[in-house]
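From first to last, the protein sequence lines stand for chains A and B.
Under my numbering, residues 1 to 451 are what the first sequence spells out, in order.
Under my numbering, residues 1 to 301 are what the second sequence spells out, in order.
Because the hints were derived from the structure by calculation, they are not lab data.
There may be inaccurate statements among the hints.
As the list claims (entries may be wrong) - Straight-line distance between alpha carbons at most 20 Å, and here's what the computed EDC-like set of lysine to aspartate or glutamate pairs gives:
no.: 1; chain 1: A; residue 1: 384; chain 2: A; residue 2: 173
no.: 2; chain 1: A; residue 1: 271; chain 2: B; residue 2: 79
no.: 3; chain 1: A; residue 1: 49; chain 2: A; residue 2: 78
no.: 4; chain 1: A; residue 1: 296; chain 2: A; residue 2: 397
no.: 5; chain 1: A; residue 1: 424; chain 2: B; residue 2: 159
no.: 6; chain 1: A; residue 1: 201; chain 2: B; residue 2: 79
no.: 7; chain 1: A; residue 1: 256; chain 2: B; residue 2: 75
no.: 8; chain 1: A; residue 1: 311; chain 2: A; residue 2: 173
no.: 9; chain 1: A; residue 1: 424; chain 2: B; residue 2: 149
no.: 10; chain 1: A; residue 1: 63; chain 2: A; residue 2: 78
no.: 11; chain 1: A; residue 1: 198; chain 2: A; residue 2: 231
no.: 12; chain 1: A; residue 1: 201; chain 2: B; residue 2: 75
no.: 13; chain 1: A; residue 1: 234; chain 2: A; residue 2: 247
no.: 14; chain 1: A; residue 1: 197; chain 2: A; residue 2: 120
no.: 15; chain 1: A; residue 1: 271; chain 2: B; residue 2: 159
no.: 16; chain 1: A; residue 1: 222; chain 2: A; residue 2: 247
no.: 17; chain 1: A; residue 1: 256; chain 2: B; residue 2: 164
no.: 18; chain 1: A; residue 1: 201; chain 2: B; residue 2: 159
no.: 19; chain 1: A; residue 1: 424; chain 2: B; residue 2: 79
no.: 20; chain 1: A; residue 1: 222; chain 2: A; residue 2: 78
no.: 21; chain 1: A; residue 1: 424; chain 2: B; residue 2: 75
Said to hold, decoys possible - Going by beta-carbon spacing under 8 Å, a handful of chain A positions derived as facing chain B:
no.: 22; residue: 185
no.: 23; residue: 187
no.: 24; residue: 230
The beta-carbon is built from N, C-alpha and C at its ideal position, and this holds for glycine as well.
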Amino acid sequence: MAMRDRTSSVRRCMLGGVALSLTFLTACGGGGGGSDDAAGAACKPSGGKVTLDYWSWVPGMQKAVDVWNGDNPDIQVELKTVPSGNAGTYQNLSHALKAGKAPDLGQIEYDSLASFRLKEGLTDISSCPGVEEAGAAFVDWTWSQVEFGAGGEDGVWAVPQDTGPMALFYRKDVYDELGMRAPATWNEYADQARRLKKEGKFITHFSQTDPNWFTGLLWQNKATMFERSDDSWKVTVDRPESRQVADYWQKLIDDKLVATDLQGFSPALYKAWNDGEVVTWVSAAWGYSTIRDNAKATAGAWAVAPMPQWKAGDRQAGNWGGSTTTVMAGSEHPAEAAKFALWLNTDPEALEILNREGGLYPAAKAGLELPALQQPVDFYGKQKVFDVFAQASTQVDTGFTWGPTMTDTYRFLSDGTANTIAGKSTLGDVLEDTGTRSAESLRKQSLDVTP
Amino acid sequence: MTSTTAPARGRPRRTLAPYAFLAPFLIPFVLFTLLPVGYALWQSLHKTARTGGTFGRTRTVFAGLEQYGRVLGEDYFGESLLRVLGFALVQIPVMLLLALVLALLLDSAVARAKKFFRLVYFVPYGIPGVVAALMWAFLYDPRLSPVVDLLRSAGVHADLTGPDAILWSIANVVTWTYTGYNMLIIYAALQAVPADITEAARMDGAGGWTIALRIKIPVIRPALVLTGVFSIIGSFQLFTEPQVFRSISTSVTSTYTPNVAAYSLASGDSYNEAAALSVVLAVVTFVLSFAFLRFTTRRQG
Chain A
1 MAMRDRTSSV RRCMLGGVAL SLTFLTACGG GGGGSDDAAG AACKPSGGKV TLDYWSWVPG
61 MQKAVDVWNG DNPDIQVELK TVPSGNAGTY QNLSHALKAG KAPDLGQIEY DSLASFRLKE
121 GLTDISSCPG VEEAGAAFVD WTWSQVEFGA GGEDGVWAVP QDTGPMALFY RKDVYDELGM
181 RAPATWNEYA DQARRLKKEG KFITHFSQTD PNWFTGLLWQ NKATMFERSD DSWKVTVDRP
241 ESRQVADYWQ KLIDDKLVAT DLQGFSPALY KAWNDGEVVT WVSAAWGYST IRDNAKATAG
301 AWAVAPMPQW KAGDRQAGNW GGSTTTVMAG SEHPAEAAKF ALWLNTDPEA LEILNREGGL
361 YPAAKAGLEL PALQQPVDFY GKQKVFDVFA QASTQVDTGF TWGPTMTDTY RFLSDGTANT
421 IAGKSTLGDV LEDTGTRSAE SLRKQSLDVT P
Chain B
1 MTSTTAPARG RPRRTLAPYA FLAPFLIPFV LFTLLPVGYA LWQSLHKTAR TGGTFGRTRT
61 VFAGLEQYGR VLGEDYFGES LLRVLGFALV QIPVMLLLAL VLALLLDSAV ARAKKFFRLV
121 YFVPYGIPGV VAALMWAFLY DPRLSPVVDL LRSAGVHADL TGPDAILWSI ANVVTWTYTG
181 YNMLIIYAAL QAVPADITEA ARMDGAGGWT IALRIKIPVI RPALVLTGVF SIIGSFQLFT
241 EPQVFRSIST SVTSTYTPNV AAYSLASGDS YNEAAALSVV LAVVTFVLSF AFLRFTTRRQ
301 G
């Protein structure tokens with residue numbers, strides 16, 4: 001609401017004819033104050049040679065940056081490869097922001113944009129050259145996310161990079177051997193878990209440090225965790241749709257059908273994949289490179305199928321991750337940073353590199369036409385895996401709203417999962433507890449919460 | 001100052017001199033210890049206020065003891081504190097006993113290659129904590145560890161990263177890291193035991209055991225107390241090992257120890273609560289260390 005007020009007051013100011021930039025800044029910028037307004041109002045190229053710091057965890061990002069640096073001697077980007085967001089980078093970014101030492105550009109997933117905006121860590125780039133026109137270049141729901149669903153009235157806070165429509169990765173050779181097909185429903189998936197258990201295999205791992213994976217499963221069942229109105233937030237973590245998901249996985253955990261001692265993205269998990277101990281993974285489009293790079297011994301044996309459904313015949317997919325490129329608060333060169341962010345996420349050559357090296361599934365419409373995304377993939381038995389993800393991305397509920405304290409919400413989910421794995425609680429309890437504590441987190445940030 | 005200089009000019013120079021000598025210590029001490037502690041105190045007494053709806057502007061306002069009330073009221077506070085307390089009660093005696101035995105062995109007449117062993121025992125302390133924790137993480141991992149494989153082939157099913165074992169797996173890493181360090185402090189103290197006392201005891205027919213128990217240990221008591229205090233402080237500040245183990249074990253929560261909790265709170269943007277927790281933790285650690293000192297000195301007196 002405040003943002004909208006400020007935008008309209010800026011408009012009024014411009015209509016009033018106080019067009020000289022200096023007067024404009026002092027007369028109208030002062031009301032709201034703060035770095036985002038200043039940048040939003042005066043996103044002008046700095047001139048001269050600038051160097052931009054950029055934190056990202058996309059594998060192979062350096063190759064794309066090298067191409068940019070070769071073409072733009074005056075805007076040099078220095079890449080720092082960092083751990084993925086919830087594995088430490090968000091914490092480091094928060095600390096860097098607090099210390100006033102944040103990089104110019106960061107990688108932030110959609111689910112954490114609100115958190116970073118809440119702590120005034122992002123720069124509104126809506127007035128930077130080329131940003132407004134760029135909206136049409138991206139898949140609609142992703143641009144809506146960076147506009148916080150306000151259709152441009154509330155600023156533009158990031159440039160979409162990739163999306164994470166979810167599907168089921170499974171060991172086709174193992175399935176074939178046991179006479180099983182890719183599961184159409186979650187019930188079928190549970191039956192397969194029992195069958196695989198008899199073979200001494202786990203159908204999948206239940207990671208404790210990937211609460212956003214679990215959220216992707218909730219997303220598939222349209223179990224939005226937060227609702228936002230103009231002045232307040234509503235926490236809807238514990239609801240029938242999320243309970244259905246939680247109870248299902250609780251049963252798999254109770255029956256010891258999933259591996260609960262494997263952390264996601266751990267060397268131990270990769271060994272379990274390579275050894276054939278764990279044979280499926282419900283994951284996002286970008287996960288195709290995770291398996292390809294870490295389960296080399298199983299090349300050619302995997303395939304991809306749509307996510308199992310809650311009701312036979314449904315066609316719903318979840319979304320896990322997908323990132324944006326953000327201009328961080330305090331950047332002295334927002335115009336150059338925004339220019340790089342737009343290039344990185346729309347230029348065909350850059351998109352091709354990010355897809356080839358990092359397995360990113362682009363958020364840019366042009367990216368979906370990449371030749372590489374139409375090709376059969378050897379690692380997946382020459383299956384055209386991206387067809388599955390292209391279909392999944394149209395089945396993702398695009399109205400999902402993230403809370404502004406997702407770091408806390410994820411923390412409560414993953415701590416609760418640790419207790420569940422230790423047998424001290426159930427996932428249902430975890431949802432209830434996470435809901436209560438998330439509301440408490442919002443209040444701690446002095447936000448209004450609707451009960 | 002000699003008679004050639006006027007006393008009025010000489011006096012300030014005399015009072016400045018000690019500070020000039022102290023500066024190399026005082027400046028970093030103020031910059032890197034006093035100021036951060038002061039800042040944490042200041043932060044712990046404030047909170048974030050917000051104006052203007054869901055993405056309004058933030059302001060820091062004075063909140064009195066609100067953050068302290070919040071910390072003391074949370075479940076994680078008592079749980080994490082009890083956890084490190086249990087850790088300290090088991091780990092510290094084990095580690096110090098080991099360090100004492102090793103130091104006495106090195107100091108005994110029968111020891112050979114003293115320099116070599118002194119170095120070997122001390123090496124773990126020289127390895128950065130994160131590296132050590134990562135190395136042990138691989139040794140504990142049920143799927144990657146050769147040790148667990150060996151145990152399994154011997155019929156022992158050890159779940160070293162599970163919810164019941166992980167705290168003691170961490171204790172093992174801490175013991176491995178700090179035993180050599182404590183041994184070195186104790187060994188240095190043993191070097192100060194006057195040779196004539198042990199000589200006299202030997203003349204009176206005391207054996208190696210008797211000399212160690214009746215003479216050496218009482219004489220090096222202050223060193224043992226010192227290592228005890230250091231270890232108490234270290235236990236309550238436990239951070240690196242649990243934080244690293246989060247990547248391999250599904251049993252370590254974000255509030256596993258008070259320090260890990262403070263880190264998690266700060267990264268969730270609750271800097272003020274994290275500061276309050278840190279201050280409370282400092283007070284608890286101070287009180288316990290002081291109580292330990294009082295207890296041990298009273299027994300001595």
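Verification of the supplied hints:
1. For the suggested pair residue 384/A and residue 173/A, the alpha carbons sit about 17 Å apart, so the restraint of at most 20 Å is met.
2. At roughly 34 Å between alpha-carbon atoms, residue 271/A and residue 79/B are farther apart than 20 Å, so this suggested pair is violated.
3. Our distance criterion of 20 Å between C-alpha atoms is met by residue 49/A and residue 78/A, whose separation comes to about 13 Å.
4. Between the alpha carbons of residue 296/A and residue 397/A the distance comes to roughly 33 Å, so the proposed pair goes past 20 Å and is violated.
5. About 17 Å separates the Cα atoms of residue 424/A and residue 159/B, which keeps this hinted pair within 20 Å; it holds.
6. The hinted pair formed by residue 201/A and residue 79/B fails the criterion: a straight-line CA distance of about 36 Å is larger than 20 Å.
7. For the suggested pair residue 256/A and residue 75/B, the alpha carbons sit about 29 Å apart, so the restraint of at most 20 Å is broken.
8. Pair hint residue 311/A plus residue 173/A does not hold up; C-alpha atoms about 27 Å apart against a cutoff of 20 Å.
9. For the suggested pair residue 424/A and residue 149/B, the alpha carbons sit about 28 Å apart, so the restraint of at most 20 Å is broken.
10. As the CA atoms of residue 63/A and residue 78/A are separated by approximately 12 Å, the hinted pair is consistent with the 20 Å bound.
11. A hinted pair counts as satisfied when its Cα atoms are at most 20 Å apart, and residue 198/A with residue 231/A does not qualify at roughly 54 Å.
12. Distance restraint check for residue 201/A and residue 75/B: the Cα-Cα separation of roughly 38 Å exceeds the 20 Å cut-off, and the hinted pair is therefore not satisfied.
13. Restraint check for residue 234/A and residue 247/A: not satisfied, since their Cα atoms lie roughly 23 Å apart, outside the 20 Å limit.
14. A C-alpha spacing of about 49 Å is found between residue 197/A and residue 120/A, which places the hinted pair above 20 Å, so the restraint is violated.
15. For the proposed pair residue 271/A and residue 159/B, the alpha carbon gap of about 17 Å is at most 20 Å, so the pair holds.
16. Only pairs whose Cα atoms come within 20 Å are accepted, and residue 222/A paired with residue 247/A is accepted, the gap being roughly 16 Å.
17. For the proposed pair residue 256/A and residue 164/B, the alpha carbon gap of about 18 Å is at most 20 Å, so the pair holds.
18. For a cut-off of 20 Å, the pair hint linking residue 201/A to residue 159/B stands: about 19 Å separates their Cα positions.
19. Restraint check for residue 424/A and residue 79/B: satisfied, since their Cα atoms lie roughly 14 Å apart, inside the 20 Å limit.
20. Taking the CA atoms of residue 222/A and residue 78/A, the gap is near 40 Å; set against the 20 Å cutoff, the hint is violated.
21. The suggested pairing of residue 424/A with residue 75/B holds, with an alpha-carbon distance near 15 Å, which does not exceed 20 Å.
22. Because the smallest distance between the Cβ of residue 185/A and any Cβ of chain B comes to about 27 Å, over 8 Å, the interface hint for this residue is violated.
23. For residue 187/A, the interface hint is violated, since its Cβ never comes within 8 Å of a Cβ in chain B; the closest pair sits about 26 Å apart.
24. Evaluation of the residue 230/A hint against chain B yields a held restraint, the C-beta minimum of about 6 Å falling below 8 Å.
Against the hints set out earlier in the document, violations occur for numbers 2, 4, 6, 7, 8, 9, 11, 12, 13, 14, 20, 22 and 23.
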